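Trainee: Residues per chain are reported as follows:
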Amino acid sequence: MSRTLTRADIVDSLIKEINLPRSLATEVLEELLTELIDAAVQGNGVKVSSFGSFIVREKSQRIGRNPKTGEEAVISPRRVITFRPSQCLKEAVHFSRKKAA
Amino acid sequence: MTKSELVQKMARQFPQMTLKEVENAVDLVFDEITTSLATGNRVELRGFGAFSVRYRDQRVGRNPRTGESVQVEGKYVPFFKAGKGLRERLNKDVA
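Taken in sequence, the protein lines are chains A and B.
The numbering of the first sequence is this note's numbering, which starts it at 1 and goes up by one.
The numbering of the second sequence is this note's numbering, which starts it at 1 and goes up by one.
So here's chain A without its partners, still in its complex pose (with noise of 0.2 Å):
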């Protein structure tokens, strides 16, 4: 059975495991995920250990293909996020799917 997790379901878990107030629980998940957000706008990074790394590339322009149509169009220069899992994670995901599948 599959099932997406939300922002609901982490608030709940804030409210039992923890017993978090139900406005607080959201506050503070919002606050996580702004305090992310922010970092990443000002170019850091955030390492989480035992979890991962968000870290943004300035990626300088270059030229592209639309796929569909062949055309070349200008890429222009951009900041893009990338989540580098740490180790414990990917064994994590690795270990319990291979079980499972």
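Read the hints as simulated data drawn from the structure, not as lab findings.
Everything numeric in this text was worked out from a predicted model, so none of it was measured.
Note that CB positions come from ideal geometry on N, CA and C, so glycine has one too.
Please note: incorrect hints may appear among the correct ones.
[To be verified] Looking from chain A toward chain B, a few residues come up when the C-beta cut is under 7 Å (computed):
hint	residue
1	4
2	17
3	18
4	28
5	32
6	37
7	49
8	78
9	83
10	92
With chain A fixed as given, assemble chain B onto it according to the hints.
Mentor: Leaving out everything else, chain B in the frame of chain A:
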């Protein structure tokens, strides 16, 4: 920024919570994401991004030191895709 710096920043916004309580909450959020991915489920946080599990097929790799060919088994890896909101905010000042 490290997790402890993140916890300290957040703690300033929540004077009603101790540093330890904020830390426990932050740990729980990342634990929930980990658990969900480990059970094969996606995590979707609108405006931020989505975590999912992707399968990397087996391939023939090479030992970079010896140049020897080795069979690399297929594996499941965590994957993060930034949400539209985050992508746009990252490039607001550049665009």
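Trainee: For every hint, state whether the structure bears it out.
Mentor: Results of checking the hints against the structure:
At a threshold of 7 Å, the smallest CB-CB gap from residue 4 of chain A to chain B is about 5 Å, leaving the interface hint in force. Taken as an interface hint, residue 17 of chain A checks out: its beta carbon lies about 6 Å from the nearest beta carbon of chain B, inside 7 Å. Using the Cβ-Cβ criterion of 7 Å, the hint placing residue 18 of chain A at the interface with chain B is satisfied: the shortest such distance is roughly 5 Å. Interface restraint check: residue 28 of chain A against chain B, minimum CB-CB distance 5 Å, threshold 7 Å, status holds.
Proximity of residue 32 of chain A to chain B holds as hinted, the smallest CB-CB distance being about 6 Å (cut-off 7 Å). For the restraint placing residue 37 of chain A at the interface with chain B, the shortest Cβ-Cβ distance is roughly 6 Å, inside the 7 Å limit, so the hint holds. For residue 49 of chain A, the interface hint holds, the least distance from its beta-carbon to any beta-carbon of chain B being 6 Å, beneath 7 Å. The interface hint given for residue 78 of chain A is met, as the beta carbon of that residue sits about 5 Å from the closest beta carbon of chain B, less than 7 Å.
Nearest Cβ of chain B to the Cβ of residue 83 of chain A: about 3 Å, under the 7 Å cut. The hint holds. For the restraint placing residue 92 of chain A at the interface with chain B, the shortest Cβ-Cβ distance is roughly 5 Å, inside the 7 Å limit, so the hint holds.
Comparing the model with each numbered hint stated earlier shows that all of them hold.
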